Every structure is written in C-alpha cells, then in structure tokens.
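**Q** Taken in sequence, the protein lines are chains A and B.
In terms of my numbering, the first sequence opens at residue 892 and continues consecutively.
In terms of my numbering, the second sequence opens at residue 611 and continues consecutively.
Derived by calculation from the structure, the hints in this document are not laboratory data.
Quick caveat: nothing in here was measured; it's all calculated off a predicted structure.
Everything hinted at is true.
Below, a list of computed lysine to any residue pairs in the SDA-like style, where the Cα atoms sit at most 20 Å apart:
#	chain 1	residue 1	chain 2	residue 2
1	A	Lys1066	B	Asn729
2	B	Lys624	A	Asp903
3	A	Lys1066	B	Tyr731
4	A	Lys1080	A	Asp1128
5	A	Lys1080	A	Met1043
6	A	Lys974	A	Trp938
7	A	Lys1085	A	Gly989
8	B	Lys680	B	Val700
9	B	Lys624	A	Ala896
10	A	Lys1101	B	Arg734
11	A	Lys1085	B	Gly760
12	B	Lys624	A	Thr906
13	B	Lys624	A	Gln905
14	A	Lys1046	A	Pro1077
15	A	Lys1066	B	Phe783
16	B	Lys690	B	Thr674
17	A	Lys1066	B	Leu782
18	A	Lys1046	A	Ser1114
19	A	Lys974	A	Ser987
20	B	Lys624	A	Pro952
21	B	Lys690	B	Asp703
22	B	Lys693	A	Thr906
23	B	Lys624	A	Asp954
24	A	Lys1066	A	Asp1088
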Amino acid sequence: MNATAYNFAYLDEQTKRMIRRAILKAIAIPGYQVPFASREMPMPYGWGTGGVQVTAAILGPGDVLKVIDQGSDDTTNAISIRKFFARTAGVATTTSTGEATVIQTRHRIPEAPLHSGQVLVYQVPIPEPLRFLEPRETETRRMHALGEYGLMHVKLYEDIARFGHIATSYAYPVKVNARYVMDPSPTPKFDNPKMDDCPALQLFGAGREKRIYAIPPHTRVVSLDFEDHPFTRYRFDAPCALCGADDSYLDEIVTDDRGSRMFVCSDTDYCEGRQAAGHRGTESAAPHKESAHG
Amino acid sequence: MVTVAEMPAGFADKVLSAQSTFRSVMDAMARPGSVQRIHAVPGTPAPMMRGTAAIALTLFDHDTPVWLDKAMSATADVGKWLKFHTSAPVIADSAASAFALVGNPHDIPPLDRLALGSNEYPDRSTTLIMQVDSLHAGPAWELIGPGIDGAAVLQATVPANLFDRLAINAVLFPRGIDVVLVHDDAVVAIPRTTRLAAHGA
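Start from the sequences and build out the full structure, keeping to the hints where you can.
**A** Below, the structure written as structure tokens:
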C-alpha cells in the first residue's frame, strides 16, 4: 500500500525529471560526476540520501528491490530503506541477489554475479576521488577536464614508499573507459574487479555532495596501479566460519575480550544461500539443531 | 459556429507512464544500439511520433530549453503542445538547447550549432532526439563502445552521413552530442561514447 500523503516513490515528479536527466548524461559520459539538485530526504546524510534519490527516480511498480549495507540485508540502514520503498512505492522487496531488479548498496558489491536485467545503485559519501588530495572543486574539475591524474599516482606511489605496497584498501580509484578516474565509493578493493565488464548498469548517487555518476554495462573499469606493483585483491586468509566459503569477502567478528575472533561472509545472502545448499563452516550449528528452528 | 481544435492529451497516468518511459530510455542509453519499446501512449501533435511525445513528457520541463527543426515547427501544434504539457521553453538558438527535436532526419543542423558542453561540464550538452523511418529494417550499422558486449548491430534507416557527422564525438570527448532515435514506439540511443565499427549493406 502506498503511503497516501506522498507521491509514488516519495519524490515529486519535477525532482524525478531532474534526476533522470542527470542519470542519462551520467550514462553517456561514463565515470563523469554529473551535478544534480539533491533534495533533503527523510533520513540523515550518510544514510544513503544519494542512493535513495537515484533509486526513487528509476523505481517502478514492477521492480523487486534489494538493499544491502556492508553486504548485509539485515542492518538498520538496509531495513529502513527497504521499508521506505515498500511503503512509498509499494514495490516487492527481496534479500536474494538473483531475484532483485534494483539493488541499492552501501559499500559492497554482491558476491553472486549480476545479470543484465539489474541496476546496482551505490550510496556514495565523497564522490570526488581527488578531494583529499586537492580540496578545491575548481581545481579537481579542471584535472578531470584535462585527464590529469598524476596526483593520484603520486598518492599510490607514496603508499608504496611508506608501506612497501599500495595500502589503499577501500575506495580504491578506478579508471572508467580509459578516461575518467572515479571513486567506486568505499567498497573494499576486493570488489573492484566485479565492476569491470559488469552486465548490470551501475549508478552512483552522492546526496550531500550532489553528484550522480554511472558505469554502463560492459564497460572497461581498471583499478589504478603500477607495472611493478600491480593491483591485488585482499581478503582475510580464512574460510567463512558459517558456510566455509573460501572465495567471499569476510567480516572479522571479535567474539570475546581475549583475542578470539571469527570470520564470516560479509554478503549475508551469499552465506545463507551456501548454508541452505548444505555448506558448513567451523562455527555452524549442528544440522539437527538448525532444523529445530524450522 | 467556431470549432476549437482539441489539444492532444498527455499521459493518462503521469507518474507511472513517465517512470516506464524513462526506464526504456535509460536502458536504451545504457545499451547503445539496442531497440527498446515505449509502452506509454500519450496523444501526439503532428508530426511527433508517440515515442517522441512520451520522451518529451518524461524529460522536459521549465528547466530544459527545447529547439525544434523545420519539420517540427512547420505548424504551431508541437510548440503549443510542449508548452501546455511540459512548460518547456521553445527557443530559436539551438546552441542553448537541452533537447533538440528533429522531425526530418535529412535536415539536422550542423552538430557544432548544438550545445556540446565544456570540458569541465560535458553534461551541459544537447540531447538530439531524431525521428527516423525505421529502427528494424534498413542498412546495418555495427556499433562498439561502453554498454555494448562486443558489438551491436543496429538496422535502421538513418541518414547515410549520420555516423560520419557523429565522429566529432570521438574527437571532442568528453564533450559531445547524445542522440536518441525514435520510430513510433521504438527507441535507440547513440550516446557520445558509441563508435561505428562497420557499415554493412
């Protein structure tokens, strides 16, 4: 049931038109940040106001929405946004990556491969990859205009000089379609290769910073690196304690105050899917106890 | 007795028709060369096709100056209809337009007379919406670029020199012109990143 006081999917039609025009230009210029007139949303900045506006502008009654926060369908942020659209747009929601047509995400790309019928909407805090290197918008804008990204390479080089390797582990800069350097939002660099040649459309919304950008399907996305220090993924060297997966991105969970810890999949849908298929990890409950829960 | 010609209607359901039309255009832009269908059916002032009319109702408003070619502005119908339904200003200077509507694809203005954006703001460029005779028959055009898995083949009746003229997109990138081709309810997008790989008969 739609909340009757609001338009379909909350935003008014004039706002949707403005966002939709920005999305089309963002797709036409892959990796370029299109300024848009971001609105106040009924949630604080940092909770995905940009992603929510993009989702509201594209969502239709036939869509199936999934929302994840750090890979999880079960956190406050993910549940709130899912309920928000279930209420204002009446759309079906799911936790299954495969069944969703629109996936709004904070800081992860699902483990299951995406397909061409899907749109992945990222919540972005700081869209400008050069912002911490150059605070002036006029200067970063000119650097993008000229394709001048030496500063970013210096930053990665300084990582190597100081730590012996590229220590940037999240929001790892990428080059889109051999032109624009882009911030993939604070996803772990483990997820960067999934953006390359992805069959799904990827849209990015930054509410406070008022920017929308996009990666069309099947677009070349390269993580910046050096010939002698190639890009590498990173994951904890352990299997998931619940499903035994040795290929998924893991969260570290501290279990007591004496240094014990366990590693579990950050992608809850992936982990639950594997457990349902019979995979077990070291911390899984015995099968007979699980079945007692129904 | 005076009869007043009735203005063709807009969308019956403004909200959901605009949403479904936008998704078709978004899919077209994300997958250049693929033919997408527009399901919403608004009234159309001649010589506007229903796909063009639906796109206008979905994307145009007081923030988007619109330029019309000679075919579209031959009578006042299109201008009046746009003004009534979308509030979009119809302007004579194509270089200031957010959208250019072309009814006669053989008479498009020189592309440098449209807004190409700046290197700092390449998004401030004209989207050219062009009505063509067919998007399922005609010469084959093999396209490559972002959004296309390998190569896409578009069969369409477009002016023979269209892709020659769009070659400025490769030179000027990130500045450029994004093109949306419309025939009836079918729509195909050629964003500025799309390149012609081969031209078959």
